[in-house]
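> Residue strings, one per chain:
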Amino acid sequence: MDVTLKIKRFDPEAADPESFWQDFTVAIDESGTVLDALIKVREDHDGTFSLRCSCRSAICGSCAMRINGHAGLACKTQASTAIKDGIITIEPAGNMPVIKDLVVNFDSFWDKINQIEPYLKPEGPEPEAEYIASNESMLHLSSVTSCIMCGACVSDCTVMEVDPTFLGPAALAKAYRFTADPRDGDANGLSKDRLEELTKPSGMWDCTRCMECVTACPKGVAPMDRIMALRDQAIEAGFTNTNGARHTEAFSDSVEHSGWLDELRLVPKSVGITNISALIGYAPIAIQALTHGKMPPIIHKKLPQSENVRKIFDKVEGPEERK
Amino acid sequence: MKYAFFPGCVSRGGCPELYPATKLICEKLDIELQEMPAASCTGAGVLQEKNQLLGDTLNARTFAMAEALDLPILTICSTCQGVMSQANHRLKDPEYLAKVNGFLAEEDLEYKGHADPKHLLWVLVEDVGLDKLLSLITRPLAGVRMAPFYGCYIVRPTDALEFEDHPDRETALEQIIETIGATVVDFEGKTRCCGFPILTINERNSMAMVAKHTLEAKELGADAMITPCPLCHLNLDSFQPKAAAQAGRPIGLPILHMPQAIGLAMGLSPNDMGLRRHIVNTTPLEVALGIPNR
Chain P
2 MDVTLKIKRF
12 DPEAADPESF
22 WQDFTVAIDE
32 SGTVLDALIK
42 VREDHDGTFS
52 LRCSCRSAIC
62 GSCAMRINGH
72 AGLACKTQAS
82 TAIKDGIITI
92 EPAGNMPVIK
102 DLVVNFDSFW
112 DKINQIEPYL
122 KPEGPEPEAE
132 YIASNESMLH
142 LSSVTSCIMC
152 GACVSDCTVM
162 EVDPTFLGPA
172 ALAKAYRFTA
182 DPRDGDANGL
192 SKDRLEELTK
202 PSGMWDCTRC
212 MECVTACPKG
222 VAPMDRIMAL
232 RDQAIEAGFT
242 NTNGARHTEA
252 FSDSVEHSGW
262 LDELRLVPKS
272 VGITNISALI
282 GYAPIAIQAL
292 THGKMPPIIH
302 KKLPQSENVR
312 KIFDKVEGPE
322 ERK
Chain G
219 MKYAFFPGCV
229 SRGGCPELYP
239 ATKLICEKLD
249 IELQEMPAAS
259 CTGAGVLQEK
269 NQLLGDTLNA
279 RTFAMAEALD
289 LPILTICSTC
299 QGVMSQANHR
309 LKDPEYLAKV
319 NGFLAEEDLE
329 YKGHADPKHL
339 LWVLVEDVGL
349 DKLLSLITRP
359 LAGVRMAPFY
369 GCYIVRPTDA
379 LEFEDHPDRE
389 TALEQIIETI
399 GATVVDFEGK
409 TRCCGFPILT
419 INERNSMAMV
429 AKHTLEAKEL
439 GADAMITPCP
449 LCHLNLDSFQ
459 PKAAAQAGRP
469 IGLPILHMPQ
479 AIGLAMGLSP
489 NDMGLRRHIV
499 NTTPLEVALG
509 IPNR
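Residue numbers (this note's numbering), protein chains in the order written: chain P, 2 to 324; chain G, 219 to 512.
Since the hints were derived computationally from the structure, they do not count as laboratory data.
Here the structure is a predicted model, which means the values were calculated and not measured.
For each residue, glycine too, the CB sits at the ideal point set by N, CA and C.
Check the hints yourself; a few may be wrong.
[As the list claims (entries may be wrong)] Just the calculated beta-carbon pair ranges, DEER-fashion:
id	chain 1	residue 1	chain 2	residue 2	range
1	P	K303	G	P468	41 to 47 angstroms
2	P	K201	G	K350	49 to 55 angstroms
3	P	I274	G	D349	52 to 58 angstroms
4	P	P202	G	Y314	35 to 41 angstroms
5	G	H307	P	I277	41 to 47 angstroms
6	G	G320	P	N276	51 to 57 angstroms
7	G	D334	P	G319	27 to 33 angstroms
8	G	P468	P	G319	49 to 55 angstroms
9	G	P510	P	D315	51 to 57 angstroms
10	P	A279	G	A316	42 to 48 angstroms
Isolated chain P (complex conformation) (with noise of 0.2 angstroms):
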């Protein structure tokens, strides 16, 4: 079988060193994967061809990158069912500086690893003999103990790519993994140092829910499913003064109360009904909004038979979450 993939290379040490495509076509086996395909360019065409691969198990993390568009794992894509169009198009990882052609720094990346602390942190008395976990408090963690570092999920995450300081998809998945390990935290497992921390700037709440991380990570840890779960945990432990917390628990209310969202007062109450400078700031959108009839309803009417609503609410979170 005939690939033809196109290649975004680059070359630091080129004379006017700027990132250019390539087409190269190789033969490989009908059920050769892209990884193949891309070894045989280097071994063929161009030996100064520079990637990352080793295992070629998907076991090892070495070959993420973006296949036409979307990352993933070199060694774990099947040629035949990436090529669209007759080509194959192949990209480094995105949200990490280039070194050479698909080779990034991933220095940044392993930065905000070990900005999480990625290590159990068991508070009070160390326990006598060993710790032991029982296999049913540990199950849920099996997904996301998973994670092999590839990258695939920084590299499409769609804050990281207007902001380099959040913490991202891989490190939060991480810090979840200790978050909801029983041994972490104190005697009920309740990790609060660390969760205090994530709610900071650039951490939990700076998640936009895109999903592009559930779709690239290549071992099903789902990142964006733990950093939601962080943020159920954080507001369980009591860390509710932020804008996040205040905009979940206040859409909640909305529901909760009419049935569906007010939107007009969803904004002041994530904001902070006395974050005055904040509140000013979105006056001149208000009133943009206001002069083109674009304003949420003034009075928030409730939706007919609101009240079953507000009763699958006191149902499904039991009388215990209602106080």
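Following the hints, put chain G in place on chain P, whose structure we already have.
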């Protein structure tokens, strides 16, 4: 063709131009819309971050209402669509479904698992057919270069959205653009995030996203952007001036709700399509199309 209509919160709130525009084009397309006035908000993914079971129960309640009407659900919001599809995907598990139905019993509702919520975008491509749409186009948007902007929830995750069974969903918006006579401007940002969910949490990042996508489309020659998501519209249109100020560059890219673009191509007036409610002026686009300004 008749559907149980789920307009979502924003088409009756921050984007009040979307609801009437949808009604008008559906009338022309012989799509009958029956409202479900008691159907609640989907939770938009926000409620789900607090309690997924609660969100899924509210959506199952809506699905049960549609089943009682014996009608498929039609949505006009990428976010509503995605949240409903994800809930429906989880509710395929009979044990989970039974648990959720337990919460609905008091209201005498039961979700049997047959709902198939569909965005108007998909309804047009899969149920109505582009031939029928084409037959109603009286004023093709010829010469207009239009950038598609899908909204995250109508493109990810592909399993819940059943892209494998419906491969057209991946390019549905481009197909609409071509059918109404405009030219597609393909750009990287089309399936990225508009930034709306973090507007009140990290406005700087949210505005940076608006500027990034609108400027990218403009640089590729787009005259307008078209979106099936009112939440994206809120950020890309209402907050575009703020995003431009932050970026230090003018933008001025009109953002059309998908039904508005279709309506214009069907000969409906800019006023009927609610274009006067937009923050970014759409007049240059109307002038280019030779649409009288009234």
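> Is it true that P510(G) and D315(P) lie within 51 to 57 angstroms of each other by Cβ?
For D315(P) against P510(G), whose Cβ atoms are near 55 angstroms apart, the range 51 to 57 angstroms holds.
> Could you check the hint for me, namely that K303(P) and P468(G) are 41 to 47 angstroms apart, CB to CB?
holds, 42 angstroms
> Is the distance from the Cβ of H307(G) to the Cβ of I277(P) consistent with 41 to 47 angstroms?
With Cβ atoms ~43 angstroms apart, the hint holds.
> Check the following: the C-beta atoms of G320(G) and N276(P) are separated by a distance inside 51 to 57 angstroms.
violated, 41 angstroms
> Range first: 49 to 55 angstroms. Now tell me if the beta carbons of K201(P) and K350(G) are that far apart.
holds, 53 angstroms
> When you take the CB atoms of I274(P) and D349(G), is the distance between them in 52 to 58 angstroms?
Roughly 53 angstroms apart at Cβ, these two residues keep to the hinted range, so it holds.
> Is it true that the C-beta distance of A279(P) to A316(G) lies inside 42 to 48 angstroms, as the hint says?
holds, 45 angstroms
> Regarding D334(G) and G319(P), is the given constraint of 27 to 33 angstroms on their beta-carbon distance met?
32 angstroms Cβ-Cβ, so the 27 to 33 angstroms window holds.
> CB of P202(P) to CB of Y314(G), is that within 35 to 41 angstroms?
holds, 36 angstroms
> Does the Cβ-Cβ separation between P468(G) and G319(P) fall within 49 to 55 angstroms?
Given about 53 angstroms between the Cβ atoms, the range holds.
Checked against the numbered hints above, the structure violates only hint 6.
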